[in-house]
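Visitor: So you can see what is in the structure, the chains are spelled out below.
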Amino acid sequence: MKHRITVISMFLGLYVGYVLLMSQIVVLASSTSNFTQVIGTGTLAIDIVNASYVTVASPAVAMSAKTFNFVCQTSTGTLGTASQMIYVFNPDVADAGWTASLAGSATTAVWDSAGTDYDFNDPTGSGCTDGVDTDVLGGQMTVDASGGTLAVGQCAACVITNVTKGSSGSYNEATTDSITVLAGAAGSDDIGDWTLIGVAISQKIPTEQPPAADYNINMVLSIVAL
Amino acid sequence: MRIFKIGSFFLFAFFWSIFLSSQLSPVYAIEYGGIGGRPAYPRVDEPRSESIIIHNILVGEVIQDGITIINNTTFKKTLLIYATDDTPSTDGGYACKQLSEPKVKVGTWITLEKSEVTLNPGTSELVKFVINVPAVLDVGEHNGCLVVQEKLEASQAAGVNLSLRTALRILLTVPGDVIRLLELTSFEVIDRSATTILLKPMVTNKGNISVDATINVNVTNSITREIITYGGGYSVLTNNPLVINFEFFKPLFGGFFYTQAIVSYNNGQTDNQIFSDIITFFVWPQLLGWVYIILIILPIVLFIIFLIYKKKRKKNQKVVRKKRPRYKIIK
Chain C
4 MKHRITVISM FLGLYVGYVL LMSQIVVLAS STSNFTQVIG TGTLAIDIVN ASYVTVASPA
64 VAMSAKTFNF VCQTSTGTLG TASQMIYVFN PDVADAGWTA SLAGSATTAV WDSAGTDYDF
124 NDPTGSGCTD GVDTDVLGGQ MTVDASGGTL AVGQCAACVI TNVTKGSSGS YNEATTDSIT
184 VLAGAAGSDD IGDWTLIGVA ISQKIPTEQP PAADYNINMV LSIVAL
Chain D
16 MRIFKIGSFF LFAFFWSIFL SSQLSPVYAI EYGGIGGRPA YPRVDEPRSE SIIIHNILVG
76 EVIQDGITII NNTTFKKTLL IYATDDTPST DGGYACKQLS EPKVKVGTWI TLEKSEVTLN
136 PGTSELVKFV INVPAVLDVG EHNGCLVVQE KLEASQAAGV NLSLRTALRI LLTVPGDVIR
196 LLELTSFEVI DRSATTILLK PMVTNKGNIS VDATINVNVT NSITREIITY GGGYSVLTNN
256 PLVINFEFFK PLFGGFFYTQ AIVSYNNGQT DNQIFSDIIT FFVWPQLLGW VYIILIILPI
316 VLFIIFLIYK KKRKKNQKVV RKKRPRYKII K
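Respectively, the protein sequence lines represent chains C and D. Take 4 as the starting number for the first sequence in my numbering and just add one per residue. Take 16 as the starting number for the second sequence in my numbering and just add one per residue.
If you are wondering where the hints come from, they were derived from the structure by calculation, not from laboratory data. The structure presented is a predicted model; accordingly, all values stated were derived computationally and were not measured. Ideal Cβ placement from N, Cα and C applies to all residues, glycine included. Worth double-checking, as some hints may not be accurate.
Here are the in silico distance ranges between beta carbons for each label pair [what the hints assert, rightly or not]:
#1 C:Val74 - D:Glu165: 34 to 42 Å
#2 C:Gly118 - D:Glu61: 47 to 55 Å
#3 C:Ser129 - D:Ile311: 14 to 22 Å
#4 C:Val74 - D:Ile311: 34 to 42 Å
#5 C:Val59 - D:Pro149: 37 to 45 Å
#6 D:Leu310 - C:Gln157: 21 to 29 Å
#7 C:Ser36 - D:Glu61: 39 to 47 Å
Chain C is nowhere near these chain D residues, computed Cβ spacing over 12 Å in every case [claimed, not checked]:
#8 Ile85
#9 Val148
#10 Gly155
#11 Thr219
#12 Gln284
#13 Trp299
#14 Leu322
Covered, in the sense of this in silico footprint (three residues per stretch, anywhere, with C-beta under 8 Å from a C-beta of chain D), are these stretches of chain C [stated by the list, open to error]:
#15 90-103
#16 179-191
#17 194-203
My request is simple: use the sequences and hints to build the entire structure.
Guide: Set out below in structure tokens:
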């Protein structure tokens, strides 16, 4: 009797397990099996992603806070962090290479605030004073990707060979409007993805720049297939 | 007893279902899909037309072409499509002017059928455009861009706010007296950090057309004769010297190295090679290398010291023996 109860229990257990399993399968049975698969066309892309390669909704770089001063100051920040990585994705659409670069949303862009603005592309006085550009503001931004950390993304078989980080460069209106952060040569992986973190950003803040908590500037990170 | 049996039944059912589920549940890989575009009409005779808009043009010609706009994200997106002029980026990079900037060159030749599209996730749309080549034009290369950028309100949050965009180069060439001439302007070896040395060749295009070149940097270890080669194929643009930062990672035990940059290209008639001067540089061992060196050398040094000490002691014993007065013990 005991043995029979145990066998029945086992059978019921198997049956309930089977029912639970079936409840998770959403494919409906039919007399013929029809498998469908769509693989969409890929595109060269640049993005800011988190550690799980999910796009960051509003990517930004926070610069170090400064206090009001009578001398020109340098504020620093980092483009590309563990939670906001620069991500390049090439699904075999830029075999001759690509360039990723950072530029202002306009050559006339400025660090905007409700009060007095300052510039990002005026080299006059080592970036501390106003020069002969289109505005009357001083200030200069420098981008240095050479000290950053370049790594392969999700593609396990890919390498970083022939993908190089850009040199340090400072914006200068109408002369240097775009700074290269990463470049893939023709010899880089045709199918690959890469991440870059630790791009150093520094900004010269002119003397006696009024205190404000809302200084902001819009920059554009672009990738071009060559 | 009955409670035990009912409990064991449910436990068995629970673990059995979990086991089966784990064996058969679909596993999802993390996927990435961006926004962008690719040429709609690639040509067999021009492999680069798979990636960029490339044509040989004649003055006054009108060319019909198209771009496939792609949204591979999981969200519905409204994308802007616009043509711009090119602009040099640092290190000889290729970049595109911003939407806000005036167009004066190739950007003005392009007329797009649409300036924006709204795409559902995982969909694409063909946008046709026309290239109106001016009646008067110099021989050589004319560059521009077709840009795809998400339509978003500019953020006003404090700090640097980033927008992202993808572009295709527009490469239009007017046939004629094309000059392909490269110059290896400089080659520098820079001690970048505690772990890396930058090998930095600069190549200038003195011609009127972009030149595809092979740029290599060889580093030879003067003791082991091992050669490391960096480099590959690069496109050298006109009026924008190409600078490449090859990273040489300092070896653990350091050493003497010599390096040379080599540029190889075809000028349309012959294959050419340009060699830089050979630069010799020394790399100190790294901290861990020093530790290894000390760990290897220390026992040898200690052994030598021990041998010297032993020899000296033996010598001293001989001297002492020699100096010892001879006497007899008289019983």
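Visitor: For each hint, tell me whether it holds in the structure or not.
Guide: Outcome of the hint check:
1. For the hinted restraint 34 to 42 Å between Val74 (chain C) and Glu165 (chain D), the CB-CB distance of approximately 40 Å keeps it satisfied.
2. Against the hinted window of 47 to 55 Å, the Cβ-Cβ separation of Gly118 (chain C) and Glu61 (chain D) comes to about 54 Å, which satisfies the hint.
3. Take Ser129 (chain C) and Ile311 (chain D): their Cβ atoms lie about 49 Å apart, and the range 14 to 22 Å is violated.
4. Taken as a hint, the range 34 to 42 Å is violated for the pair Val74 (chain C) and Ile311 (chain D), whose Cβ atoms sit roughly 52 Å apart.
5. As the Cβ distance of Val59 (chain C) to Pro149 (chain D) is approximately 42 Å, the hint placing it in 37 to 45 Å holds.
6. For Leu310 (chain D) paired with Gln157 (chain C), a C-beta distance near 40 Å fails the hint of 21 to 29 Å.
7. Checked against the given bound of 39 to 47 Å, the beta carbons of Ser36 (chain C) and Glu61 (chain D), roughly 42 Å apart, stay inside it.
8. Listed as a non-interface residue, Ile85 (chain D) fails to keep its Cβ farther than 12 Å from every Cβ of chain C; the least gap is roughly 4 Å.
9. The non-interface label for Val148 (chain D) is consistent with chain C: the shortest C-beta to C-beta separation is roughly 21 Å, beyond 12 Å.
10. Taking the minimum C-beta to C-beta distance to chain C, about 17 Å, the non-interface status of Gly155 (chain D) holds against the 12 Å cut.
11. Every beta carbon of chain C lies more than 12 Å from that of Thr219 (chain D), the smallest distance being close to 16 Å; the non-interface claim holds.
12. Even its closest Cβ contact with chain C, about 22 Å, leaves Gln284 (chain D) beyond 12 Å, as expected for a residue assigned away from the interface.
13. Every C-beta of chain C lies more than 12 Å from that of Trp299 (chain D), the closest at about 20 Å, which supports listing it as non-interface.
14. With a minimum CB-CB distance of about 49 Å to chain C, Leu322 (chain D) clears the 12 Å threshold, and the non-interface call stands.
15. With a cut-off of 8 Å between beta carbons, the region 90-103 of chain C has 8 residues touching chain D; three or more are needed, and the interface restraint holds.
16. Check result for the region 179-191 of chain C against chain D: holds, 10 residues qualifying (beta carbon to beta carbon below 8 Å, three or more required).
17. A stretch counts as covered by a chain when three or more of its residues have a beta carbon under 8 Å from one of that chain; for the region 194-203 of chain C and chain D the count is 1, and the coverage is violated.
Of the numbered hints stated above, those contradicted by the structure are hints 3, 4, 6, 8, 17, listed in ascending order.
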